Amino acid sequence: MFITRLVALLSLVFLAVAERSLVVYDSVKIDLAEPPIELKRVVETFKSLGHEILLRGYQDSDLLMFVSGYAIFDNIVFLPTSSKKINRKEQLNKQNLVDIAKTANLVFVGDSNYNYPDVIREFLNEAGIYPSPKGYKLIDHFEASDKVKLTKDNIGCARILSTIDTEYDGQSAILSNNENLVPILTASKTSFSSNDNINPVDNENSWGFGQQSHLAVSLQALSGTRITWVGSIELLKQELLLWAIGQRNALKLQFVQHHKADEPQNLDSTLYRIKDQVVYTIGVSELVDGQWKPFVVENDEETLQLSFKMLDPYQRLNLQPLGEASSVEGSKVLDTYVYSVNFTIPDQHGMFTFELDYKRPGLTYLLEKQVVAIRHLANDEYKRSWDITNAWFYVVSAVLVVIAWFFFVVNFLYVSKVDVGKKDQ
Amino acid sequence: MSTNTKLQSQVLGIPIDTIRLLLQVLIFVSVAGAAISSRLFSVIRFESIIHEFDPWFNFRATKYLVTHSFYDFLNWFDDRTWYPLGRVTGGTLYPGLMVTSGVIWHVLRDWFSLPIDIRNICVMLAPAFSGLTAIATYALTTEMKDSNAGLLSAIFMGIAPGYISRSVAGSYDNEAIAITLLMATFAFWIKAQKQGSVLYGTLTALLYFYMVSAWGGYVFITNLIPLHVFVLILMGRYNHRLYTSYCTWYAIGTLASMQIPFVGFLPIRSNDHMAALGVFGLIQLVAFGDYVKSQITEKAFKTFLVVSIASIVSLGLGGLVGLTALGWIAPWTGRFYSLWDTSYAKIHIPIIASVSEHQPTAWPAFFFDTSFLIWLFPAGIYLCFQELKDEHVFVIIYGVLCSYFAGVMVRLMLTLTPVICVCGGIAVSKLFDAYLDISDLFTGEVVEEDSKKKGSKKKPASSATIFKILSKVLVLTSFAYYLFYFVYHCTWVTSNAYSSPSVVLPSRNPDGSPTIIDDYREAYYWLRMNTPEDAKVMSWWDYGYQIGGMADRTTLVDNNTWNNTHIATVGKAMCSSEEVSYEILKKHDVDYVLIIFGGVIGFSGDDLNKFLWMIRISEGIWPDEVRERDFFTDRGEYKVDQSATETMKNSLMYKMSYYRFHDLFNGRDGIDRVRSQTIPIANAPELSVVEEAFTSTNWIVRIYKVKDLDNLGRDLKQVSAGSKTKKSRIIKKPKISLRE
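Residue numbers (UniProt numbering), protein chains in the order written: chain E, 1 to 425; chain V, 1 to 740.
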């Protein structure tokens, strides 16, 4: 228990100081004294961000990434390995990876000449990524060379990768229907993946066909972290790596507030009335180069939308951009962009949810729910009878009946009695 | 008791009337004392606790009333029940009960500086009002016969189990004060129609208003009084007193009742109230006819009568049918139909049929609830027939109607009990009048005592006197025995059958010593202490009020079964497979699921025994997705053992009930003690969309937490399956559907 807390505390301290990143590499093939250029490039990227970086081999006995239920790194890069062996299985196993992915960004790099350690393959399969086995290569007979040329057409998500121009030699993966998967690079229509370059392709010696194969793919986890797989280390350029470790295209809700249109001082009330006019305002920032900047919606497809729902949405409204603002009171740094919508609550009482559900490929998800009670009209909030023209008729008749009754009683008691008395006499 | 002689006007120098009054007060005090003390078994045995289900809502509403203003209470929108629909609670409850205890609480606190906990007021309210009921019954019976009968029926009413069943300490339900008001309203009505008094008519109307504010059963009064008037008119007993009292009551009572938000415009729109309106119109016509009759010849009047009756009947019927068809008048409610056709509810509205107190009464229940009064009841009715004054007609109608209703629905035993007590009081007192009058025994010796009956009496021969004495002694002793037995029976029934709070269950240890099973409160307090304040708890509707009251958590459905579809949704979530249920749970933001499981200690009122109702109710809404037949074996049996159907074994309810059940049997086949069936280890369920959060000591209450969506977007079944599969060395091309 104590250790758990200590570690949690320590990791918090580290978070505050600097992000911690881990690179797991093939300690059999790679000598750290003479690191290959790709490893160097990855390490340089982390260093330039000011991360505290650690390098560990798959077989190292001090491979430590998960302590007492907490991931102790913010980013972990798994480089290809020639040996499937892992010594510390209690550290690196599938369940740990699933748990680590809740707080840490994971990057997996494939290589068509190597197999993954079983745990990593199983983990990727859980995520819906099925990389081709050892020996399978992406082949395209429409290309002149052995390698496959990648162009702009291969890019699956322009937000992540703006441009590509390379000869690809590596693995491919086919994907499950997991809707959180974002294809970054897709194979061309004429390509396929196989371990046999000579014989006819059949189901046994092939992996993926055409655009079914993907060369780089990422899973945007609900917790905001990313799990990225690339088929070859040459794809892991700085642009992609920065995205994969959440240094850009991360969204943050700086504030969410709602209030009655005529009572702006009464923020985030939990009780509204039917047909109230309500203003819902949010501030959204995007991480750009390690700094929070205003997030500006550029086209209709990216519009932020508010659902006002009780089981089903009663209102679905586009949020209107208001302008840049500062998320901290008194600060002059304009770091957020304010969106707002003003609408009338439907004529239906119940527990409604202000729901902002923003999921766009390449961006982290925004999911914000606030439940408020919408009450009915109170007994004195209806129109009074004299305000309703139709009711005048009834009001007047009631009054007339009362007056007539009064005269009748007077007549009965005093006026006609005299007659009766006279008759009797 | 019968000491009414003018000559004995002084005893020990005190006027006999003073003594009579003194005795009456003394009797009232002891009747009230007996009524209250016999209702305290539950407090002494257990503790000062609110009972059962509905009282928990009333208690919660009362707390809301005393912590907020009356205005807030009136416009209360309850966001902690029926999530996410909410409930316009202020407009859909009968506020009389809560306001009564609220007023008592304020009076005690503000005027007498007695800061009593509102809970204790709520617990003690029913016994306190039972004392008043005895007095009201006295007043009513006195109008029928005399104060002797009144006193007898008062004590009968005070301790009759049929009434105690709904008014023990802690049974904080509407009926607790409603029966008092029912009797008081009737007593005033009889007074009003006897005297033709506007004052009593108004008082009747005010009490009626109080009754309307307290209980939905006010419709009973709304129909019984007009019926009384109608029958009197048919019997040709129309007079101005009847006209005055009825019109006063109807006009003021109806206007007053419309002030209750829940009632609103029902008195002029609902069919349940049409009888009162119709009789109101009829009595105007009869009054007019009466006037016409006094002005014209008899022959002309006959023609007038025939023509007017024919036209009125056709107009009235046509109007009623027409307006109902147009939707201006609300059609009869389902509960009303089930009063006439006992199988109506079973076919059309399973939700009404699923309530145990809506079941037809078993005949021993009549004896159980009223003891020897049940056979005095016809005697009392017979005596009423013999005299047959206007007020006796009332008792006869009341008695006949309620006997039928009580036979149809168990809970209406409650309205039958008062009239049984009244009739019993009349019968016994008549008997005592005849047999306890020992004055004629002394006529031979003490001549001056024989004052009233001198004409009829002859000097008895001594042998005749012996027979007389013998017969009197025989009858009196047997009735003394019956009365004694009645008290004994009532006390026994009250202490054994009606004093359990049903929140805590009495039980016995293996060695025979008494103990209590407190699983409900254990679980509710776990919820209260360990879950976030805005957590939503799904359970079958029976436990909604208790969760709201004791655990203070938001519920999806509760005992105010106003929305059948929402209840069916919960039923569907319980009886569907995990994947289907998970969608419902997530859509309704459910955090916890609470079920009752009695299989471990043999508690028969558990959810698996109510399961068929959940299935039936949800089948009523989704006949394509839920089918009752799928839960029965091929031989049509409801089984949970190895012959249970696949649908049964896959249902969330089954899985939650038997999850980890076999751990109790060291991993061998388990035995369900409620259904006496063996649960094979092969049936041991695995859960993937919920995880066990809490199980109470005796496993009665099990709480499951609904899992979050998977972080990686996998479906939860895959998650739990993935953690168990063994690794395969061979990497195979996956079989996956085309990516969208």
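If you're looking for bench data, these hints aren't it; they were derived computationally from the structure.
Computed from a predicted structure; not experimentally measured.
Some hints could be false.
To spell it out: a stretch of chain V is covered by chain E in this simulated footprint if at least three of its residues, at any positions, have a beta carbon under 8 Å from a beta carbon of chain E; those stretches are [as the list claims (entries may be wrong)]: (1) 75–86; (2) 702–712.
Keeping only pairs whose Cα atoms sit at most 27 Å apart, straight-line, the calculated DSS-like set for lysine-lysine is [claimed, not checked]: (3) V:Lys735 to V:Lys717; (4) V:Lys587 to E:Lys359; (5) V:Lys732 to E:Lys94; (6) E:Lys309 to V:Lys735; (7) E:Lys134 to V:Lys586; (8) E:Lys359 to V:Lys732; (9) E:Lys102 to E:Lys29; (10) E:Lys84 to V:Lys194; (11) E:Lys89 to V:Lys732; (12) E:Lys252 to E:Lys332; (13) V:Lys732 to V:Lys707; (14) V:Lys707 to E:Lys94; (15) V:Lys194 to V:Lys293; (16) V:Lys586 to E:Lys252; (17) E:Lys94 to V:Lys717; (18) V:Lys733 to V:Lys610; (19) V:Lys705 to E:Lys309; (20) V:Lys587 to E:Lys94; (21) V:Lys587 to E:Lys275; (22) V:Lys707 to E:Lys84; (23) E:Lys275 to E:Lys237; (24) V:Lys732 to E:Lys85; (25) V:Lys733 to E:Lys189; (26) E:Lys29 to E:Lys40; (27) V:Lys587 to E:Lys309; (28) E:Lys94 to V:Lys705; (29) E:Lys134 to E:Lys29.
Cβ atoms here follow ideal geometry from the backbone N, Cα and C, with glycine treated the same way.
Structure-based check of all given hints:
1. Using a Cβ-Cβ cut-off of 8 Å, 7 residues of the stretch 75–86 of chain V lie near chain E, which meets the minimum of three, so the contact claim holds.
2. Check result for the stretch 702–712 of chain V against chain E: holds, 4 residues qualifying (beta carbon to beta carbon below 8 Å, three or more required).
3. Of the pairs offered as hints, the one joining V:Lys735 and V:Lys717 holds, with about 17 Å between alpha carbons and a cut-off of 27 Å not exceeded.
4. Between V:Lys587 and E:Lys359, the direct Cα distance comes to roughly 19 Å. Compliance with the 27 Å bound is thereby established for this hinted pair.
5. Of the supplied pair hints, the one linking V:Lys732 and E:Lys94 holds, its CA atoms being roughly 19 Å apart against a limit of 27 Å.
6. The suggested pairing of E:Lys309 with V:Lys735 is violated, with an alpha-carbon distance near 38 Å, which exceeds 27 Å.
7. At roughly 41 Å between alpha-carbon atoms, E:Lys134 and V:Lys586 are farther apart than 27 Å, so this suggested pair is violated.
8. Straight-line distance between C-alpha atoms of E:Lys359 and V:Lys732 comes to about 32 Å, which puts the hinted pair past the 27 Å bound.
9. For a cut-off of 27 Å, the pair hint linking E:Lys102 to E:Lys29 is broken: about 31 Å separates their Cα positions.
10. Distance restraint check for E:Lys84 and V:Lys194: the Cα-Cα separation of roughly 102 Å exceeds the 27 Å cut-off, and the hinted pair is therefore not satisfied.
11. For a cut-off of 27 Å, the pair hint linking E:Lys89 to V:Lys732 stands: about 23 Å separates their Cα positions.
12. Taking the CA atoms of E:Lys252 and E:Lys332, the gap is near 19 Å; set against the 27 Å cutoff, the hint holds.
13. At roughly 31 Å between alpha-carbon atoms, V:Lys732 and V:Lys707 are farther apart than 27 Å, so this suggested pair is violated.
14. About 20 Å separates the Cα atoms of V:Lys707 and E:Lys94, which keeps this hinted pair within 27 Å; it holds.
15. Of the pairs offered as hints, the one joining V:Lys194 and V:Lys293 holds, with about 24 Å between alpha carbons and a cut-off of 27 Å not exceeded.
16. Between the alpha carbons of V:Lys586 and E:Lys252 the distance comes to roughly 24 Å, so the proposed pair stays at or under 27 Å and holds.
17. Restraint check for E:Lys94 and V:Lys717: the C-alpha separation of about 17 Å stays at or below 27 Å, so the hint holds.
18. As the CA atoms of V:Lys733 and V:Lys610 are separated by approximately 47 Å, the hinted pair breaks the 27 Å bound.
19. With a C-alpha separation of about 24 Å, the suggested pairing of V:Lys705 with E:Lys309 holds against the 27 Å cut-off.
20. As the CA atoms of V:Lys587 and E:Lys94 are separated by approximately 30 Å, the hinted pair breaks the 27 Å bound.
21. As the CA atoms of V:Lys587 and E:Lys275 are separated by approximately 25 Å, the hinted pair is consistent with the 27 Å bound.
22. Between the alpha carbons of V:Lys707 and E:Lys84 the distance comes to roughly 34 Å, so the proposed pair goes past 27 Å and is violated.
23. Of the supplied pair hints, the one linking E:Lys275 and E:Lys237 is violated, its CA atoms being roughly 54 Å apart against a limit of 27 Å.
24. With a CA separation close to 20 Å, the supplied pair V:Lys732 and E:Lys85 stays within the 27 Å bound.
25. Restraint check for V:Lys733 and E:Lys189: satisfied, since their Cα atoms lie roughly 20 Å apart, inside the 27 Å limit.
26. As the CA atoms of E:Lys29 and E:Lys40 are separated by approximately 15 Å, the hinted pair is consistent with the 27 Å bound.
27. The hinted pair formed by V:Lys587 and E:Lys309 meets the criterion: a straight-line CA distance of about 11 Å does not exceed 27 Å.
28. Only pairs whose Cα atoms come within 27 Å are accepted, and E:Lys94 paired with V:Lys705 is accepted, the gap being roughly 24 Å.
29. The straight-line distance between the Cα atoms of E:Lys134 and E:Lys29 is roughly 17 Å, inside the 27 Å bound, and the hint therefore holds.
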